[in-house]
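Enquirer: Here is how the chains run, residue by residue.
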Amino acid sequence: MTPEEFDELAKGLHHEWDSPGLWARIVRSRWNLRVGIVAVAAALLLGLYFAAPAKRVAAPASGDTSLLTEQAMAEVEAAEAAYRQSIDRLAKVAAPRLDRPATPLLKAYAEKLALLDGAIAGLKREVERNGFNAHLHVQMAAVYRDKQRTLEEVLRHE
Amino acid sequence: MSGEVLTLPLEITGTRNVEWSSFEQVFHLHGARMKSIAYNLLGNEADAEDALQEAFLKGYRSQQGFKKNAALHTWVYRILINNCLDEGCRRQRRPFVDAPPEAVPGGSSADLRFALRQAMSQLAARPRAVFLMAAVEGLPHAGIAAILEISETNSRTLLLEARRELQVKLSR
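If you're matching them up, the sequences are chains A and B in order.
FYI, in the working numbering the residues of the first sequence are 1 to 158.
FYI, in the working numbering the residues of the second sequence are 1 to 172.
Any given hint could be a false lead.
[Said to hold, decoys possible] In the DSSO-like style, the derived pairs of lysine-lysine whose C-alpha atoms are separated by at most 30 Å in a straight line are:
# : chain 1 : residue 1 : chain 2 : residue 2
1 : B       : K169      : A       : K107
2 : A       : K107      : A       : K124
3 : A       : K124      : B       : K169
4 : A       : K107      : A       : K92
5 : B       : K169      : A       : K92
6 : A       : K92       : A       : K112
7 : A       : K112      : B       : K169
8 : A       : K112      : A       : K124
9 : A       : K124      : A       : K92
These are computed hints drawn from the structure, not numbers from a lab.
If you're wondering where the values come from, they're calculated on a predicted model, not measured in any experiment.
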């Protein structure tokens with residue numbers, strides 16, 4: 001076989017076929033992954049809450065890092081307030097797109113945001129009962145972060 | 001050295017938020033070529049599509065490993081090739097599902113292609129990756145060097161080695 005024939009043979013290994021739904025599948029799997037993360041976080045949260053009743057106390061015990069001190073609590077609340085302000089601003093701008101989603105992806109974002117709102121509401125109820133539990137605030141921050149990113153993606157979506 | 005896994009460095013040099021729409025652009029510009037590379041490493045279209053999906057998701061999820069001065073498509077190519085080679089090693093190179101059961105070198109062009117694929121699967125990971133990208137997909141050595149994080153000279157040398165080894169295998 002000559003080098004030219006070998007080159008032609010090698011080029012013949014290139015293989016093309018149509019995959020019309022592949023990009024949509026990638027987009028869907030990305031969204032499913034994120035929803036899965038929120039679901040796992042929520043399950044973890046519930047597991048922590050029900051598996052550790054002894055930790056459900058109103059004030060921190062010294063040396064227990066799973067509970068917040070008064071000062072740390074104030075800092076966490078300030079950070080959460082900043083998140084909420086940022087999210088409120090983004091939500092106002094994104095509202096027209098989400099109220100009447102023009103694409104399947106925007107519709108998926110709207111559904112995801114509804115799910116995140118549900119998770120936030122559940123976490124808030126838990127925080128009201130046990131505000132010094134650090135795990136609850138970590139979960140709350142994760143869900144806020146996810147909501148903020150989702151809103152940013154909605155605004156970037158063409 | 002058929003069991004070698006090509007582990008390309010996914011070095012963390014900084015963070016850079018890449019929008020999802022940039023990944024979509026990469027998919028539209030490079031998707032067909034990426035699918036072909038995955039197909040030639042994994043042996044069937046369904047697995048190639050799965051590998052592509054995983055590469056894009058992994059690329060988006062692990063953006064902290066993406067170099068600031070690198071092109072996004074090189075990052076996705078690198079993840080794809082690493083994944084396919086890992087997967088190929090796990091399966092111990094399952095034969096191509098759409099290939100004839102027995103190839104006859106010197107026979108029809110389909111037989112020759114099958115024989116070349118079989119020979120290629122016996123190459124070490126790096127020469128195999130370079131051969132696929134250069135000789136099959138026509139990527140320039142500068143691009144291959146960026147994807148594999150090697151020098152262009154190294155890329156050319158690996159291609160020569162691969163060609164020589166494959167031609168010997170085919171002539172047997």
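Enquirer: All the hints need checking, so say for each whether the structure fits it.
Expert: Outcome of the hint check:
The straight-line distance between the Cα atoms of K169/B and K107/A is roughly 55 Å, outside the 30 Å bound, and the hint therefore fails. Distance hint between K107/A and K124/A is fulfilled; the C-alpha atoms sit about 26 Å from each other, no more than 30 Å. A hinted pair counts as satisfied when its Cα atoms are at most 30 Å apart, and K124/A with K169/B does not qualify at roughly 67 Å. A hinted pair counts as satisfied when its Cα atoms are at most 30 Å apart, and K107/A with K92/A qualifies at roughly 17 Å.
The hinted pair formed by K169/B and K92/A fails the criterion: a straight-line CA distance of about 65 Å is larger than 30 Å. Of the pairs offered as hints, the one joining K92/A and K112/A holds, with about 17 Å between alpha carbons and a cut-off of 30 Å not exceeded. About 54 Å separates the Cα atoms of K112/A and K169/B, which puts this hinted pair outside 30 Å; it is violated. About 18 Å separates the Cα atoms of K112/A and K124/A, which keeps this hinted pair within 30 Å; it holds.
Taking the CA atoms of K124/A and K92/A, the gap is near 21 Å; set against the 30 Å cutoff, the hint holds.
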